[in-house]
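Residue numbers (the working numbering), protein chains in the order written: chain Z, 1 to 496; chain A, 1001 to 1279.
Calculated directly from the structure, the hints in this document are not laboratory data.
Certain hints may be false.
[As the list claims (entries may be wrong)] Calculated pairs, DSBU-like style, for lysine-lysine (alpha carbon to alpha carbon, straight line, at most 35 Å):
| no. | chain 1 | residue 1 | chain 2 | residue 2 |
| --- | --- | --- | --- | --- |
| 1 | A | LYS1036 | Z | LYS341 |
| 2 | Z | LYS346 | A | LYS1218 |
| 3 | A | LYS1150 | Z | LYS346 |
| 4 | A | LYS1210 | Z | LYS197 |
| 5 | A | LYS1231 | Z | LYS346 |
| 6 | Z | LYS150 | Z | LYS496 |
| 7 | A | LYS1231 | Z | LYS197 |
| 8 | A | LYS1150 | A | LYS1187 |
| 9 | Z | LYS375 | A | LYS1275 |
| 10 | Z | LYS197 | A | LYS1028 |
| 11 | Z | LYS341 | A | LYS1231 |
| 12 | A | LYS1218 | Z | LYS340 |
| 13 | A | LYS1268 | Z | LYS310 |
| 14 | A | LYS1231 | A | LYS1150 |
| 15 | Z | LYS346 | A | LYS1269 |
| 16 | A | LYS1252 | Z | LYS340 |
| 17 | Z | LYS346 | Z | LYS422 |
| 18 | A | LYS1028 | Z | LYS169 |
| 19 | A | LYS1150 | A | LYS1039 |
[As the list claims (entries may be wrong)] Residues from chain A that keep clear of chain Z, each with C-beta distances beyond 10 Å, as calculated:
| no. | residue |
| --- | --- |
| 20 | ASN1066 |
| 21 | CYS1076 |
| 22 | ARG1080 |
| 23 | GLN1263 |
All residues carry an ideal CB built from backbone N, CA and C; glycine is no exception.
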Amino acid sequence: MRFSILFGGKAGQGVNVLSNILGNALTKKGYYVFISRDYQSLIRGGHNFNVLTFSEEKIASNDSQVDMIIALDENTINLHKKELKKGGKIIEKSGEGNMYFAGRIFKALCIEFKVLEEELKELKFFEENLKEAKEGYEETNEVMCKVALKKNKLNFANGNMGISEGAIKSGIDIYYAYPMTPATNVMGELAEKQIEKNHIVIELESEVAVINAGIGSAITGAKTMIGTSGGGFDLMTESLSLTGVADVPLVIYLASRPGPSTGVATYTAQGDLDLARHSGHGEFNRLVIAPGDPKECEELTSQAFYFSQKFGIPVIILSDKHLAEGLYTEDKNAIITPSKKSTSLKRYNSYEVDEFGCATEDAKQIIKNVDARLKKGKEIEKEAERFEQYKIYGNKNSKNVVLFWGSTKGAILDAMENIDAKFVQVLYLEPFPMKIKKELEGKNIILVENTATGQLGKLLAEKTGIFIEDKNKILRYDGRPFLADEIKEEIRRRMK
Amino acid sequence: MTDTNINTPIIPTWCPGCFNFQILAAVKNVINEELKKGKTKNDFALVSGIGCHGKIFDYVNLNGINTLHGRVLPTCMGIRVGNPNLTVLGFSGDGDCYAEGMEHLIHTARYNPDVKYFVHNNQVFALTAGQPTPVTEIGYKDKTTPLGVKLYPMNPIKLMLAAGCGFVARVYAEKGQVESVFKEALKHKGFAFIEVIQPSVIFHTDEEYKTKFYSLEKEGHDKTNFEKAWKKAEEFDYNIVNKIPLGIFYQKEKPMFEDLWPQLVELKKKKMSWKDIRR
């Protein structure tokens, strides 16, 4: 069973709060929930909508059709009524606030009022909200779906919360950032917990300041992380190159949105894979890893700290708006990779250096330094093999392989049922896991990516010589995430 | 025995007679005095940028980083946040600080971390062989400016006063002057901006400057008076050399960045860095 509700309204009407209240309540009831956020780059007005899907079984995506539409304004109905399933229900009433609708939905899903009351206690204006919610709850007796108590113990989080949690569990000391959607919430999450967990969060004047302060802190031995999106990351790349020559352990969270340039600021894309792998001048070591859900966000953030500290390298955690701000339920705890602080203040340099840490132009010394970096690159590759660099799902012996990375995981795994294919999720993009070749050779490979050019396909060709046919690339580049039913159809059409 | 040797085996590659030698000697003298007074080498961090000035990192054997062009200040800030017990010394050139790194200069003055910051100002990009910087005078010519510099130079002293800097000084690149202002800066709690007029012996010799200098202190300048500091700052516009006041224009202690964050206050109190925190 999958049940989907679309909440729509103007920015400022409380669409987000409304869907999150229901998401929290359903999670506590033991239902798996997924919420995606679609909002514009404005603060009041416009049109925002969230889609919440819940199920007794694990899910992490939405479908193209919904069972209910909660319309906080007229525009929501005009824009979304075509997405309503036959027999679906629209809840609307002009002049009512979001808590009225909370009451209506909780009633329609047969959830006790006291559960809603508990959720309201977490918010401001409890009395007013309670009154409004009660009004909605008592308005009708119509039932759309019967929610019962399930045994699942679930955690409800978005990707940014996973990144923050992973950083805290890895013992983060310092986080620097400059606000940029969709990475900003990591700064908020960590800032809220900075006194309790004893780390520090500082917003600086630009991304250039952010990475250079990050380098300054990292070389004192502090576990340091910075976060941004594509445009901000572009500004950082000269200094990324510095971390490469000076062996600076720095964790960089890169949450993508559609580019080029300002692009579509509050929507989603995976277009920064090439950037993460190639940014920065000169040749140096780095790790690029990409989680596909909040649990993997936690796990890979801890691996990012592990690799950065062990090898003194920059590690880029690549995510996107869909993962960063989508809300997921998880029934298992993340497995955290512990890391030791390995750096202490010594002499660092942006130049090639001699044995005293002083700038050098000596040819032999340059070769020595470059060779040391190459050797370290090999060691990183070897160490990375100890980790789960890619994951396999579905029928391991199928001649069809669906290849993907990052936030497409939710929709793809939700579409997996009744598809005879092997599903391969790549988590380590740099260094690239060469043993993946054996999973792909001679197979009908279907690539799914939120880009226009299929960057993982190019990476695969570069590393393994395996080319994916253009007709086998399922690419989406309208700023929207994949939906489970659509992706299922797209994969089916390409099966052999 | 504690290592107190701050020399490196590197032979300086500055031009013969370069005024950077004066700055280097002064900086080393003051640091050596601090070491004699009981500080250790590990109590210091030195950051320099790219340009002639940046080589100072190679000639002083202290921890730190010779970082990118323009990024000395955020790096210093990061080191102070990483370990608020360190004495952090930053060195930039006028290109490094007033061109590429300008955004950081203004904001660092506002943040007010305890960083002592020297700008080696020779009014020229010397290491790239003579291009004009934001403080080069009108009419200056080099290969890239055959028509002569057209733009009016900026006045960093006024800029620092406007940005709320609590220690604004200018000295000439003469050992005694640099030493004395460095000592004053060390006593000051917070960000100290010290511009060192450091003629380039090749591209911008500034011979006439020497006759125009005068000491603010000897003149009885009240460095606690902002309006008077502003007037003094206006006396030299970096364009026409009329008179050039030297010394501390303005000094006022204000809350330091590191004292505004309870986490950092705690580290200072316990004489710890984040590295020492085990979780």
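Please write out, lowest number first, the hints stated earlier that are contradicted by the structure. 2, 3, 4, 5, 6, 7, 8, 10, 11, 12, 16, 17, 18, 19, 20, 21, 22, 23
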